[in-house]
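Q: When you get a sec, could you build the whole thing from the sequences and use the hints?
First to last, the sequence lines map onto chains A and B.
When the letters of the first sequence are read in order and numbered with our numbering, they come out as residues 3 to 531.
When the letters of the second sequence are read in order and numbered with our numbering, they come out as residues 964 to 1381.
Source of the hints: derived by calculation from the structure; they are not laboratory data.
Incorrect hints may have been included.
[What the hints assert, rightly or not] Listed below are the simulated DSS-like cross-link pairs for lysine-lysine, each with C-alpha atoms no more than 25 Å apart in a straight line:
| hint | chain 1 | residue 1 | chain 2 | residue 2 |
| --- | --- | --- | --- | --- |
| 1 | A | LYS476 | B | LYS1100 |
| 2 | A | LYS235 | A | LYS261 |
| 3 | B | LYS1035 | A | LYS418 |
| 4 | A | LYS136 | A | LYS235 |
| 5 | A | LYS525 | B | LYS1349 |
| 6 | A | LYS90 | A | LYS144 |
| 7 | A | LYS389 | A | LYS492 |
| 8 | B | LYS1268 | A | LYS417 |
| 9 | A | LYS525 | B | LYS1268 |
[To be verified] Here are a few chain A residues that sit away from chain B, every Cβ distance over 12 Å (derived from the structure):
| hint | residue |
| --- | --- |
| 10 | LYS71 |
| 11 | ASP82 |
| 12 | GLY131 |
| 13 | TYR178 |
| 14 | ASP190 |
| 15 | PRO216 |
| 16 | ASP274 |
| 17 | HIS330 |
| 18 | ASN334 |
| 19 | ASN364 |
| 20 | HIS507 |
| 21 | ILE520 |
[Claimed, not checked] Facing chain B, a subset of chain A residues (Cβ under 7 Å, in silico):
| hint | residue |
| --- | --- |
| 22 | GLU28 |
| 23 | TRP29 |
| 24 | ILE33 |
| 25 | ILE37 |
| 26 | LEU38 |
| 27 | THR40 |
| 28 | ALA222 |
| 29 | ARG224 |
| 30 | GLY367 |
| 31 | ASP517 |
| 32 | THR521 |
Every residue, glycine too, gets a C-beta built ideally from N, C-alpha and C.
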Amino acid sequence: MKVKTILILSLLIFSSACKKENNRAEWEADILAPILHTTFTLNHIIPDSLIQTNPDTTVSLVIDNSIYKFNLDTLVALPDTNFIDTFKIPNFISMINVVPGQTIFTDNEESKFNISGGVELTKVVIESGYIKFKITSTIDQKTTYTYTMPSVTLNGIPFSAVFDVPAGSISNPTVYYGTFDVSGYTFDLRGSNQNSYNKYNISIQIKLANDAQPTAIVQADRVYIESNFDQIKPAYVKGYFGSQQINIANQSNQFDIFKKIISGNIDINTIDVKLKLINAFGVDIKAVLNQLQSINSVTSNSVNLNHSIIGNSVNINRASDNGQSAIHTTYNIQLNEQNSNMDVFIENLPDIFNTSLQLQINPQGNSSIHNDFAYNSGFFDARLFVKLPLSLIASNLEMADTLAVNITTDGTHLKKGSFNVYANNGFPFSAELQLYLIDANGQLLDQLISDNFIHPAYTNSNNIVTAPRQSLVKFSFNENQMQHLYNTRKLVLKAVFNTTSQTQHVNLYSHYYMDIKITSDVKLHIRLN
Amino acid sequence: MTRIFCLILLIFTLPGFLLSQNVADNFPLLYAKDTCKNLLLIKTDNYYNSNAIHNNFLSSFYKGGFIDSLSKTRVSNKLNTKNNLGAEISFNAMYYLHNSIAMGNAKRAFCINTGYFEYYNTTFSENLFSLIFFGNKQFAGNNISLALFNYQKISGQKIGFGIYNKNSFSSVCINFYNLSSYQNYNVNRANFFTEANGQYITLNINEQITITDTNRRNIFSNNGWGLGTDIVLNLNTGKNRSATIDDAFTINIENFGFAVLNSNTLHQAADTTINYSGFQVNNILNINNLLPVNLTDTLKLNYTKASKNILLPFTVTIGKIPSRYTTNRIESFYGIRYRYASNYKPLFYAGVFIKVNPKFHTSVNLQTGGYGNFNLAMQINYNPLKNFWVSVGCSNLSGTLSGNLNGKAINGNIYVAF
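A: Right under this line is the structure:
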């Protein structure tokens, strides 16, 4: 009885010492800690490629955007041309006996590239590509094929492919596939008499292989040769490129610089815009810009460019050839507030440019006498070059950005508290911040509104910053909102900007900056792992 | 016999029950008969204790569960500048070849000693506890010291051979140790500062870490070898052992020696200042481009591998022990015990040993020191069979029975003479 009592008592006392699996210690602690810090200038907000610092350290936004561009493959497209030839003995001969090494068939043909658009090429240098063969043969011994293109040369040596085709039979012909690289070869497409275009010669010889057995070729024997050029990419083309018309209707191009602005107004002081038409082909091009439209997809507002260029043709001269590459020509069209509505066009804060353009190649016909040329790096590019001095008035200019977030927890998690934004603002504008929590289904979970805004820097009468200004912006969240944060997959940050002056344009300088430190003042639920 | 077997099984199969500073275990001296040829003493001594951490808190921390503010505050109210938490698990078997003759002297015989031990102890500051369990917000704007902090764990096995005096059971054993684990984290300086608004945190720290091979964690892994000695010197102050009144003192030195940790032992030390001001974002509009603070690099946690020599955590006990030769039914005992460990305070104990009847003895004592505060201890010795004693004790009765107090303890002894 005594022993049993001791046993039970001991078990009761010490059973509590056994560690349970999967249970972890948890407690709550008040944590005050930094999360991130950053200093940003205009160079951080705007990519280096889009910003230019002027001699007086004011800053201009420089945007050089293509609104339409085409390359060589649009101008001259070499088709995957097929060549098919069939060999048989003449009908009046019932059978031919052949011995090893004896020629069975020979043929010389002139083939042609069927190039659309009236293009007449005299010369093509191949950058990369292949010639492929499919041979179907009933000859019952191994045969040797020699496929030669005398006008296709590499370093002066004509292209020649020699290959053996295994024996077949009339009932079961052999099928042979072969591929040969023609990269670097030059095609002289002037034909046998050197006065034509798009043409090249082919010579085919079929012999009984040297190590074959003597055999007889009968009437029923057939040899089919099918060859084609595959994945031909020219490095250089020369000839006449035809008088092609290229119509571009409602070509849309994204314009990202204003994409994050969702509402508000911006008034720009001056603007300098050029429409550049660049021709890097050795052909004359006539261009008619029928429409250039600035579209703000957020406000659905669009502005058509009003300028004398619209609807009127301009001629862009051909590029010149220095033997290695094309030296392009550029046709510049200056657009400003005086000769166009460009200020309204840009202040629409477009995120899309819509272009309608008509191009005619060789408007004067074959004036070069088959001396049009193009390198594979050739292009025609219509570009909009915008230089926008950042001297502006921002009025409730609302920008939004979306961050993908996925806050996971392994048990330790935030319960409630606040995120505090300490800003030392050296920019002459204020910023009001809002956070929107979006779940995986795109549904709005919650909205965190700050209790304050980031004050603008101190400025003088010329709206030039004299000293940065400190602000504290606090985003508080309760337990429910904190749960929403854990379910958030997209965090939308909205900021509303107002310049210190709403009547005078405010210059932005390259040395302006803002320091931001974000801290957390939270109750942390800690769970040991 | 079955009941005895159950009791033995209970004591030696309870995992990890942490006992006490076992001060009433001088069984051979108390109960040996000269006619016996062999004596076997098996002991287990298991306990944990702290000056501030109460059992409910430790239970939640160790076993899992929510540690509420009340529980944390109760610990916090008891914290001193320097606080202790320690635990020990030990199993020992001492075999006396009572019939043998050692060194040509009939009064001396051979003994064999073997055992397993795990010692844990930590020292921590009140600030460190508050920082971890209440957070750093309370310290915003103030520079606090988190030092001193030390955590040490050592575990291993030993086997020893020695000789003893058949009358006094004074003995000397030379022990060989297999160290299966050794960990030592030492922070001499840790000045912690949270800026008033939480914009940055700095930690000025001086710390050292030594850890044996982390790939060899088995309790019988070999991560070092040791050599040491156990010395028991029982002084029978009475000249005539048949006298009715006699006194005895003991000087007991256990595990006095050194160990060599093997060459895979990891070492790290740093004397540096860490300044954390959050993630550095190069471009606020490209939040994915974060430059996280690499705390491992900042702390310079570069481990090197090398052998190391350490002193074993030896124990010294000096005190008056009950005598087997007295006819008094009640005897006093008292003494002091010291453990060579970073935060073990000298343990003072005093109590009475009561011979209730020839088969049932008990002792009660008060003790203070070690890893805890004042504790009440009790030991019960029972003689169910001839030359067979079994004993169960607890050096922290109140803590063992209450979750609101600190520490738990149990010890068990079996003594067989045959």
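Q: Determine for every hint whether it applies to the structure shown.
A: Cross-check of the supplied hints:
1. Note on LYS476 (chain A) and LYS1100 (chain B): the hinted pairing holds, with a Cα-Cα distance of about 17 Å set against a maximum of 25 Å.
2. The suggested pairing of LYS235 (chain A) with LYS261 (chain A) is violated, with an alpha-carbon distance near 37 Å, which exceeds 25 Å.
3. Distance check on the hinted pair: LYS1035 (chain B) and LYS418 (chain A) sit about 20 Å apart at the alpha-carbon level, within 25 Å; holds.
4. The straight-line distance between the Cα atoms of LYS136 (chain A) and LYS235 (chain A) is roughly 22 Å, inside the 25 Å bound, and the hint therefore holds.
5. Restraint check for LYS525 (chain A) and LYS1349 (chain B): the C-alpha separation of about 64 Å exceeds 25 Å, so the hint is violated.
6. With a CA separation close to 16 Å, the supplied pair LYS90 (chain A) and LYS144 (chain A) stays within the 25 Å bound.
7. Note on LYS389 (chain A) and LYS492 (chain A): the hinted pairing is violated, with a Cα-Cα distance of about 34 Å set against a maximum of 25 Å.
8. In summary, the hint linking LYS1268 (chain B) to LYS417 (chain A) is not supported, as the alpha carbons are separated by about 42 Å, beyond the 25 Å threshold.
9. Pair hint LYS525 (chain A) plus LYS1268 (chain B) does not hold up; C-alpha atoms about 40 Å apart against a cutoff of 25 Å.
10. Separation of LYS71 (chain A) from chain B is adequate, the least Cβ-Cβ distance of about 28 Å exceeding the 12 Å criterion.
11. With a least beta-carbon separation of about 44 Å from chain B, ASP82 (chain A) lies farther than 12 Å from that chain, consistent with its non-interface assignment.
12. Listed as a non-interface residue, GLY131 (chain A) keeps its Cβ farther than 12 Å from every Cβ of chain B; the least gap is roughly 42 Å.
13. Annotated as non-interface, TYR178 (chain A) keeps its C-beta farther than 12 Å from every C-beta of chain B; the closest such distance is 55 Å.
14. With a least CB separation of 54 Å from chain B, ASP190 (chain A) remains clear of the 12 Å interface cut-off, as annotated.
15. Taking the minimum C-beta to C-beta distance to chain B, about 75 Å, the non-interface status of PRO216 (chain A) holds against the 12 Å cut.
16. Non-interface call for ASP274 (chain A) relative to chain B: holds, since the shortest CB-CB distance, roughly 26 Å, exceeds 12 Å.
17. No beta-carbon of chain B comes within 12 Å of the beta-carbon of HIS330 (chain A); the shortest separation is about 34 Å.
18. Residue-level check passed: ASN334 (chain A) sits 33 Å from the nearest beta carbon of chain B, beyond 12 Å.
19. Here ASN364 (chain A) stays apart from chain B, with its beta-carbon at least about 47 Å from theirs, past the 12 Å limit.
20. Look at HIS507 (chain A): its CB is around 24 Å from the nearest CB on chain B, clear of 12 Å, so calling it non-interface holds up.
21. With a least CB separation of 7 Å from chain B, ILE520 (chain A) falls inside the 12 Å interface cut-off, contrary to its annotation.
22. Look at GLU28 (chain A): its Cβ gets to within about 5 Å of chain B, closer than 7 Å, so that hint holds up.
23. The interface hint given for TRP29 (chain A) is met, as the beta carbon of that residue sits about 4 Å from the closest beta carbon of chain B, less than 7 Å.
24. Against a cut-off of 7 Å between C-beta atoms, the interface hint on ILE33 (chain A) holds, since the closest Cβ of chain B lies about 5 Å away.
25. Given the 7 Å rule on beta carbons, the hint for ILE37 (chain A) holds: about 5 Å separates it from the nearest Cβ of chain B.
26. For LEU38 (chain A), the shortest C-beta to C-beta distance to chain B is roughly 4 Å, which falls under 7 Å, so the interface hint holds.
27. Given hint, THR40 (chain A) at the interface with chain B, holds; its Cβ is 4 Å from that chain's nearest Cβ, closer than 7 Å.
28. Against a cut-off of 7 Å between C-beta atoms, the interface hint on ALA222 (chain A) is violated, since the closest Cβ of chain B lies about 71 Å away.
29. Against a cut-off of 7 Å between C-beta atoms, the interface hint on ARG224 (chain A) is violated, since the closest Cβ of chain B lies about 65 Å away.
30. At about 53 Å, the closest approach between the beta carbon of GLY367 (chain A) and any beta carbon in chain B exceeds 7 Å, and the interface hint on this residue is violated.
31. About 10 Å separates the beta-carbon of ASP517 (chain A) from the nearest beta-carbon of chain B, more than 7 Å, and the hint is not met.
32. Contact between THR521 (chain A) and chain B, as hinted, is supported at the beta carbon level, the nearest pair being about 4 Å apart and thus within 7 Å.
This entry does not satisfy hints 2, 5, 7, 8, 9, 21, 28, 29, 30 and 31, going by the numbered hints stated previously.
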